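There are 6 protein chains.
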Amino acid sequence: MSPLNFTHILTQAVDELSESESYKGLFHQHKDGEPLPSAKVLYEIIELSRSILFPGYYGNSTINSHTINYHIGVNIEKLYDLLSEQILAGLCFGTAEGKCNTCSDSKREEASRLAAKFISKLPCMRKILATDVEAAYNGDPAAESYGEVICCYPAIKAISNYRIAHELLELGVPLIPRIITEMAHSETGIDIHPGAKIGSYFTIDHGTGVVIGATSIIGNNVKLYQGVTLGAKSFPLDADGKPIKGIPRHPILEDNVIVYSNATILGRITIGKDATVGGNIWVTENVPAGAKIVQTKAKK
Amino acid sequence: MSPLNFTHILTQAVDELSESESYKGLFHQHKDGEPLPSAKVLYEIIELSRSILFPGYYGNSTINSHTINYHIGVNIEKLYDLLSEQILAGLCFGTAEGKCNTCSDSKREEASRLAAKFISKLPCMRKILATDVEAAYNGDPAAESYGEVICCYPAIKAISNYRIAHELLELGVPLIPRIITEMAHSETGIDIHPGAKIGSYFTIDHGTGVVIGATSIIGNNVKLYQGVTLGAKSFPLDADGKPIKGIPRHPILEDNVIVYSNATILGRITIGKDATVGGNIWVTENVPAGAKIVQTKAKK
Amino acid sequence: MSPLNFTHILTQAVDELSESESYKGLFHQHKDGEPLPSAKVLYEIIELSRSILFPGYYGNSTINSHTINYHIGVNIEKLYDLLSEQILAGLCFGTAEGKCNTCSDSKREEASRLAAKFISKLPCMRKILATDVEAAYNGDPAAESYGEVICCYPAIKAISNYRIAHELLELGVPLIPRIITEMAHSETGIDIHPGAKIGSYFTIDHGTGVVIGATSIIGNNVKLYQGVTLGAKSFPLDADGKPIKGIPRHPILEDNVIVYSNATILGRITIGKDATVGGNIWVTENVPAGAKIVQTKAKK
Amino acid sequence: MSPLNFTHILTQAVDELSESESYKGLFHQHKDGEPLPSAKVLYEIIELSRSILFPGYYGNSTINSHTINYHIGVNIEKLYDLLSEQILAGLCFGTAEGKCNTCSDSKREEASRLAAKFISKLPCMRKILATDVEAAYNGDPAAESYGEVICCYPAIKAISNYRIAHELLELGVPLIPRIITEMAHSETGIDIHPGAKIGSYFTIDHGTGVVIGATSIIGNNVKLYQGVTLGAKSFPLDADGKPIKGIPRHPILEDNVIVYSNATILGRITIGKDATVGGNIWVTENVPAGAKIVQTKAKK
Amino acid sequence: MSPLNFTHILTQAVDELSESESYKGLFHQHKDGEPLPSAKVLYEIIELSRSILFPGYYGNSTINSHTINYHIGVNIEKLYDLLSEQILAGLCFGTAEGKCNTCSDSKREEASRLAAKFISKLPCMRKILATDVEAAYNGDPAAESYGEVICCYPAIKAISNYRIAHELLELGVPLIPRIITEMAHSETGIDIHPGAKIGSYFTIDHGTGVVIGATSIIGNNVKLYQGVTLGAKSFPLDADGKPIKGIPRHPILEDNVIVYSNATILGRITIGKDATVGGNIWVTENVPAGAKIVQTKAKK
Amino acid sequence: MSPLNFTHILTQAVDELSESESYKGLFHQHKDGEPLPSAKVLYEIIELSRSILFPGYYGNSTINSHTINYHIGVNIEKLYDLLSEQILAGLCFGTAEGKCNTCSDSKREEASRLAAKFISKLPCMRKILATDVEAAYNGDPAAESYGEVICCYPAIKAISNYRIAHELLELGVPLIPRIITEMAHSETGIDIHPGAKIGSYFTIDHGTGVVIGATSIIGNNVKLYQGVTLGAKSFPLDADGKPIKGIPRHPILEDNVIVYSNATILGRITIGKDATVGGNIWVTENVPAGAKIVQTKAKK
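Protein chains in written order, with my numbering: chain A, 15 to 314; chain B, 15 to 314; chain C, 15 to 314; chain D, 15 to 314; chain E, 15 to 314; chain F, 15 to 314.
Next comes chain A alone, as it looks inside the complex (with noise of 0.2 Å):
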C-alpha cells in the first residue's frame, strides 16, 4: 500500500475518532488533578498489603523477627502514600460527571485520612484473614503446610482482595474497591464483589467460576467449591425500564453453610445453619438449617 494512501486512511481515522460525537460515554476526560485510578498502582497496592499481612511469604523474603519493624514501617509507609493518590482519584472520578470546584485540598485531605483510617484496620485484617488460612488448611487434605496455603491457594489472593476492598467500600471510597476485586477474579476466577459481607474461617476450594453478589451475607466457616453462583434471581426495574439499584437481592449463607461446585443459588433467600447444597443444581428458594439438597440422578 502506498505510504501515501495510507497517511489517507489514517488521517481521516483520526478524524473521525477525534470528534466528539463518536466518543459519547466512551471517554474519560482529564481535568486538573483528576487523574484516573491506575491500575498498575493499585497492583502495587495489593503487593504491599500482602507484604504487610503475610510477612516473609509476599515481598522481601529476607525479613526475619528482629528486622520485621523496618519492614513493615517502610511498607506501611508506601502503601499511605500510594493509598492516598489513588483514593483521591477515585473521589474525583467519582463526581467527575457533575463539577468538581472542591477537587482541591479538602478532598486531598480527605483521600489522606481515608488512607490512614484504613492502615489502622491492617490489625484487624491480618486477625480475620488468619482464620481463612487455617480453615483453607484444615478443609484440604491435600494442603501439607499453612505455607503452602498463603503461597498458592488461590482462595487465600481472592478472600484477601475481598477483605482490603471491603474495607475500603465501608470507608466510601468510590471504584476502587470493584477495581481490587476484578484484580483476584482475573488472576483467580474468583469473582466477589466488594460490597458482600462474609465472616470469619471462609474458604473456597479451587475456586475458579465463583460468583458472590454485591448484597450477599455469608457467615461464619462457611465451605464454598468451584463454580458456585450466589447471584440475583431477577430485579424490580424502574420506571424507565431500568434495574433499581441497591436492592438486596443475593443469598444469605447462615454458619457452616457448604455448597457444592458449580451450584448456583439465585435470590434474596435464606441457606441456613448448617446446610448442605450439592453440586450442578439450581436453588430458588429457602433451605431450611441443616438440610441436605443434590440434583435429581442422572440417566444412563
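The set of hints was computed from the structure by calculation and includes no laboratory data. Treat the numbers as computed from the prediction; the structure is a model and nothing was measured. All C-beta atoms, glycine included, are put in the ideal place defined by N, C-alpha and C. There could be a bad hint or two in this list.
Claimed, not checked - Restricting the straight-line Cα-Cα distance to at most 25 Å, the calculated cross-link-like pairs of lysine-lysine (PhoX-like) are:
#, chain 1, residue 1, chain 2, residue 2
1, C, Lys135, A, Lys92
2, C, Lys38, A, Lys135
3, D, Lys54, A, Lys54
4, F, Lys38, F, Lys92
5, D, Lys131, D, Lys121
6, B, Lys131, B, Lys141
7, F, Lys287, D, Lys247
8, F, Lys38, D, Lys38
9, D, Lys54, E, Lys54
10, F, Lys141, D, Lys256
What the hints assert, rightly or not - Here are some chain E residues pointing at chain D (derived, C-beta under 8 Å):
#, residue
11, Ile193
12, Glu196
13, Ile272
Once you have looked at the hints, place chains B, C, D, E and F on chain A.
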C-alpha cells in the same frame, strides 16, 4: 553432583533434544523474514486499540478534548506499524508448512493493506462497543457508571478483544485472531472464538467459564451469565476418522435471549427470540421463541 | 490529616503488626540460605522449559535446525542453574518448621542432583506432550495446525505445567510442583493437582473451571471439556476432626473416556473404558465401560 | 558471622545513622507536596525536548512530515506535565530551608505558568540549535552529514542541555537547570554552567574536560576544543571568609574566537574578536582582538 | 494558568514546530524500511561482542569450557541478526538525502553479507585485543590480574569499541562506527575516531580526555596517558571556505612511543620510534626517533 | 547472503572462538559458587550506600525524621545481603588462578564478617563526607545550598565512591574497590584509585580528567580543579622488565594545598602545606610549604 557428571547429563540431553526426530511437529523453524507472531507485541496492539476505542480509560489518562487528535494520531500510527508486522508474521505462518518463495514484497504489501483496512474499521468498532457498554450498565444493578463498566468489567475486555479479532478474521488474517481471543480468555475466563457472529448490545455477566464456539450466531441484545457454553454436540468425521473442519455446529441465539449461569447449549440448534434458558441445564434441542426452560427441581 | 497525626497512626500500626503474637502462622522467617521459592524465577523456569520442549514456538523464534543445539544448550544450562536454586529453596521450606542444621552442603548437592535428574527426563516429557498436541488437534474441528494448538491452546499450557510439576513431585521436590500448577491455573482456569496421574493423548477443550484432584488417575486418550470436576466426595477425619491426608479420594477415568462440560465426578469411583459422561451432571457412583450418562431432561 | 551478632551491629548502625545529630545538613526531609526533583524524570524531560527539537533523530524514528504534528503534540503535552511537576519540586526545594506555608495552589499555578512559558520558547531554541549544528558540521572535516552531527556529536548534546537549562534559569527556576547541565556533563565530559551566556553558531570539538563558568559571556561563532577552561581566577571573600556569590568572575569571549585544547582562561578578562588562543596555556590577562597566543616552545 | 490558556500556547507551539521551514536539516523523516540506527540496539551489539571476545567477563558469567560453544553460538547468531538490521539502517541512512529506490532486497542482502564478514573477523579481533590487555597489565604497577584489567580498565572498553568500529568502517558501513566510538567516549572520556589506524599492544592509562583524530596512525606498543590529543592543526578550506574532507591531518606515532598526560600533538607530523613526549606540552613539529621532549620549567 | 552460507561462517566462527587456545587469559570460567562480581549489583550497592549516607537526597525522597529509622533499617539489611554476596565473589575471584578448595563455608563466613564491618563504619563515613560537602559549598561561589551540592556536584559522587571503596580496600576486599571507583570515573570523569589516602574537607571543582594515583597521600582541606593529575613519574622494573608493584610512587599533598586545572604532578614528591600549584604545568620536584608556582608566560 559433580560438575563433570552434570556436564555429561547436559550434553546428552542437548543432543537428544536437538535430534530432528525428537521435535517433529513441535518445532517452529525460523525462515528469513518469517518470525512468529509475538504475544508481547499483540498485547501492545490490544492496549493501543483499547486506548483508541476508549480514550482516557486506557492508555494515557491526561488526554482531553483539545489534545485528543494528537493522541489518537500517534496511537493509530503505532498501531498500523505493529499490526502490519504481526499480520505479515501471521500470513507467513499460514503458509509455513509449504514453500514461501513469495514471502517477500507482495506479502509485505498485503500485510500493510490489511492493517490499513483494519484501521478504517475502528470508528465502526467503537460504535458497536458503545452499545455493549450500555447493555452492561443497564443490565447490572451494581454498576454505578459507564466509567466503572469500561474500567472494571471483564465482559468489556473480552468483547473488545473478540470484536477486534473478528474483524481481523474477516480480513483473512490467520492465527492472530485466535491468539487475541485467547489473551482475553486468560485474562477474564471468557472464551469467545473469533469466528462467532455477535450482534449489538451484547453482554456477559461475571463471565468466568463462558465458551462461545466458532460457528455460533448471536443476535442483538443477548445476555449470558457466567459458565454458559455455546458448544458443538458432536461432529461428523471424515474418512480418516478426523473431524471435518468448517461445518456449522454451534447454536444460534436470536434477539433478546437470556441464558443463565452454567447452562450448556450444544449443537446447531436455535434458541428463539426472547427465550430464557435457566441455569445449570443441558440443552441440545431447539427452544421456541419466548420459551423459558429450567432445571428439574432438586431433591432435598 | 495532619502529618503528625498520621505518624502516630503509622507508628501504632507498625508496632501492632510487628508483634510476634499477631503474625503467628502467617510469617515466613528467613534463615540463612533458606529463601522462599520465587514465583518470578519459577515463571522463568516454565518459560525455559517450554522453549526447550517446543523450540521456536516459545523463547527465541529465530532458531533453526542448524543452530538449535546452541539454543537448547544455553537454555538447559540456565534451567539447571535456576532449578537447582529453587529446588534448594523448596527442600529448605519443607523442613522449615523443624530444625535445619543440615541445610548446607548436603542439601545443595541434593538440589543439584534432582535438577539434573529432571533435565534427563526432558526428552520423555517432549515425547508425551507431542501426543497431547496431536489429541488437541484431532479433537477440535476449529484447530488449523499443530502450530496454532501449541501457540494458543490453554490446555497445552496447563498440561505442560502439570507434566513438569508431576515430574518434580515424583522426584520428591516439595512445594514447587504446586506453585507451578497454580501458575497454569491462574493463566488458564485449569486446576490440575501435580499428584494426579495422567496418560498420553490427553486433552481438555476450552478448559476454564476444570479441576483434577490430587489422587485422580486418568488413562490414555481421555478428553475433558470446560468446567469438569474430578473431585473428592468427602474425606475421613482423624481423631481431632481434621481430614486424614493422603488417602485415594478422587476418580479413576479409564482409557478413551469423554466428560462433557461442567460435569462433576466425585469420590474414588471408576468411569469405565470408552464411557461418556454428559454435561452438568453430578456423578458419585461407578460408571460401567462404554456407558453414556446424561442429565434428566429440563422442564419447559 | 552469627546472625545474632550481625543483628546487633545492624541495630546499632541503624540507631547511630538515624540520630538527628548525625545527618545534620545531609538529610532532605520530605514535606507534604514537596518531593525532590527527580533525576529520572528530568532525564525523560531532556529526551522529550530532544525529540521535539530534532524530530526523527531522537524519540520515535517512524515520524514523517504528515504525522509530525501528532507526535509533536503528544510530546509537548507530556513535556508540559512533567516539567510543571519538576518545576514545582524545584520551587519548593528553593524555599525548603525556611517555611513553606504558601507551597500549595499558588506555587502549583506558578509552576504551570513557567512550564507553559518554556514551551513557547521551544521554536526559538530550535532555531539557535540549528546554527550550532551548522557550525559543528562546517568546523569538522570528519563530519559527513548534519544527521551524523545530530546523532553522534557530544557537543550537540551538551549544548542542547545548556540551552534548555539556560532558558529555565532565565525563567527563575531553581536547582533544575544545574541538574540538567550536570547530566550533560556526566554524558559528555562538557561542563557548561546554565548561567553562562552563549551566542549562536557555537561549537565544541571532542569536548571532554571543557568547563564554562557561571558568569562567562561568549559571542557568536565561537569554537572551543577539548579541555578548555573558562574559569574564575580567585574570588573576593566576605567578612566570614566565605566567597561572595554572584560577582562576574569568568571570561568574556567575543565573536569568532577560537580556543585550542586544554587552554585555561581565568578571571573577568576579555578575549577580543577574532583572537586565537593556543593549546595548553594559562591565560589570566586580556587578549586583544585578532591576536594569536601560543605556548612557549618545549625543550627537547 | 488556566487550562484553556495553556491549550492555546500548546497548539501554537505545535503548529510552529511542525512547520516544514522550522525543521529544515534537523528532521529525519522515516521512509518505509529505513529506520534510523538505534543507540539501544547498538549498545546491545557492543555487549554481545564483548561477551564473545571476553567470555565470562561480560555476558553470562556461568559459562565454562564445556558449554562455551553453546553460548558463543547463541550470541553470534543474535549478533548477526541485530547487526544485519543496524547495518541496513546505516546503509539507508547513508543514501537518505538522495533517492533510495534500490533500498530493498539488494541492500538487505548487502547488509547480511557485511554482518557475516564482520563475524568472520571476530577471532582476529580477539587476538589483537589480547595484546592490548597484556600491554595494560604490564604497563600499570597497580594492576593485579588480567581479570582486573578486563573488568575495570576504561582503556579496554574504549579500545574494544574502537576495534569493532574500525572493522565496520573498513567494511564500508556508514554512520554506525562513529556511534559506537562515541558510546565509548561517553562511557570512558576516551575519544578515538574509528578511522584511526592503531597497531597491537596499544594502551591508554586512565584515559579521560584522550582524543585520537580520524587520520591518525599509531604503531605497535604505543602508550598514551590521560588528556593526550592527537589532533589536526588547521585544515585547508575549499572554494566555499569549508574544510576539505578526507585529507591526512593527524599525527603518526611510530612503534614504542610514549605520550604523557595532557600533551597536545597537532598536524600531520611524525613522532619517531621510541620517542617520549612529556606532559602538558603542545607539539606541532616532527619529533625524531628516540627523542624526549618536556615542558619549559615552571616559575616559582 | 544465502542462509546456508551464513550457517557455515557462523559455525566456523563459533568453533574458532570456542577453542581453548583462542581465549587464553581472556576467559573467566565459572566454578561452582564463584560467580564474578556483578557491575549491576555493585551499582545497587552504591545507590543504597548513598541513600543511607544522604537520606532523602538519594533513594526514597518521602522519608522524614519520624520514619527515617525504618528506611535506614531496610536499606542497611539489603546492603548487608548484597555486599556479603559481592565480597564473596571478590574473595573467590582473588584466588581464581590458584586452587579454591576452601571456597565454601569459611569464605562465606568471612564475606559476611567483612560486610558487617563495613556497615559498622558507615556512621564515620557519613561524618567525613559531611566535611567534603561543606568544603564544596564554601569553595564555590556558584553553589546555592548544601542540597544543590549533594544533588548535583560530581565531586561528591566521586568522593563518596572513593570513600566507600577505600574502606573496602582497607578491609582486604579484592577487585571490588576498583570497580566502584571506576563507576564514578565513568559517571564523573574523576579517577581516584581506592588505595589513595585522603583527609577531610576534600573537594574537586568540575573534576573531569582528575587522576589520583594509588599511593597518593592527601592532607586535610585540599582542593583540586579539573584535569589535575597526581601520577607516577616512572617506576622501577623487576628482573623481567615488568614494573614492580606496590612501591610508593605518587605525590604527597599536605594540608591546605590548592592545585589549579590541568596541572600534572608526578612522582613521590611533596607539595608542602599551604602551597598553590598553577594550571597547565608539569611538576616533578618538591614544592616548599606556602609556595606558589605558575606556568611560564605565553607568547603572543
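So which hints don't hold here, by number, going up? Hints 1, 4, 8, 13 are the ones this structure does not satisfy, whereas the remaining hints hold.
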